[in-house]
Amino acid sequence: MQPLLSYNYGARREDNMRKLFNVAVLSSVAGGAAFIGLLNLFPYQAVSVFNSSEPQLIEHTVTGIRLHLFSMFLDGFIVVAAAYYQAISYSRKALFVTLGNMLIQLPFLYVMPKLWGVTGVWIAYPLSNVALSLVVGVMIWRDIRKLQTNGYTAVTA
Numbered sequence: 001m002q003p004l005l006s007y008n009y010g011a012r013r014e015d016n017m018r019k020l021f022n023v024a025v026l027s028s029v030a031g032g033a034a035f036i037g038l039l040n041l042f043p044y045q046a047v048s049v050f051n052s053s054e055p056q057l058i059e060h061t062v063t064g065i066r067l068h069l070f071s072m073f074l075d076g077f078i079v080v081a082a083a084y085y086q087a088i089s090y091s092r093k094a095l096f097v098t099l100g101n102m103l104i105q106l107p108f109l110y111v112m113p114k115l116w117g118v119t120g121v122w123i124a125y126p127l128s129n130v131a132l133s134l135v136v137g138v139m140i141w142r143d144i145r146k147l148q149t150n151g152y153t154a155v156t157a
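Just so it is clear: in the sequence shown, position 76 is 76 by full-length UniProt numbering, and no numbers are missing.
Please keep in mind that the hints were generated in silico from the structure rather than gathered at the bench. Positions of the beta carbon are idealized from the N, C-alpha and C atoms, including for glycine. One or more hints might be untrue.
Computed spacing ranges between beta-carbons, pair by pair [what the hints assert, rightly or not]:
#1 Gly10 <-> Trp141: 32 to 40 Å
#2 Gln2 <-> Val130: 38 to 46 Å
#3 Gly64 <-> Asn16: 18 to 26 Å
#4 Gln148 <-> Gln2: 19 to 27 Å
Derived DSBU-like pairs: lysine-lysine, alpha-carbon spacing no greater than 30 Å straight-line [said to hold, decoys possible]:
#5 Lys146 <-> Lys19
#6 Lys146 <-> Lys93
#7 Lys114 <-> Lys19
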């Protein structure tokens, strides 16, 4: 996506930029949702690849998979957003999204276990993903809307 997006940004083809971004988001989110769907449909089979001899561990792992991965499809959106910003030379926003993806997890990992114990550990990552996706979604929406109304804005290095 990045080379095509950069090329269209340089060529001032905002329509192609929007199309590329939409296709990238749709395919990454759909792929993530399909993966989550498969893991939720066949969790025991997925876990048994790594451990088939300890039933209690299998049960805990299946619970963990279902709690921990319910928002994994948003990872695709976050990665596409960071790539979008990097492709159009908005390096600060790309850095914000990339570092934010790691750093936002820390407060959730601190607070959630205090509230819900082990379940809080499992849900800290998906909740941080949802929070970051909301922030990044607003950023992207504003920037794409600005691109539609103002047209091309050159970014100098």
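Structure-based check of all given hints:
no. : hint                         : result
1   : Gly10 <-> Trp141: 32 to 40 Å : 23 Å, violated
2   : Gln2 <-> Val130: 38 to 46 Å  : 25 Å, violated
3   : Gly64 <-> Asn16: 18 to 26 Å  : 42 Å, violated
4   : Gln148 <-> Gln2: 19 to 27 Å  : 21 Å, holds
5   : Lys146 <-> Lys19             : 16 Å, holds
6   : Lys146 <-> Lys93             : 15 Å, holds
7   : Lys114 <-> Lys19             : 43 Å, violated
The structure does not agree with the numbered hints 1, 2, 3 and 7 stated previously, though it agrees with the rest.
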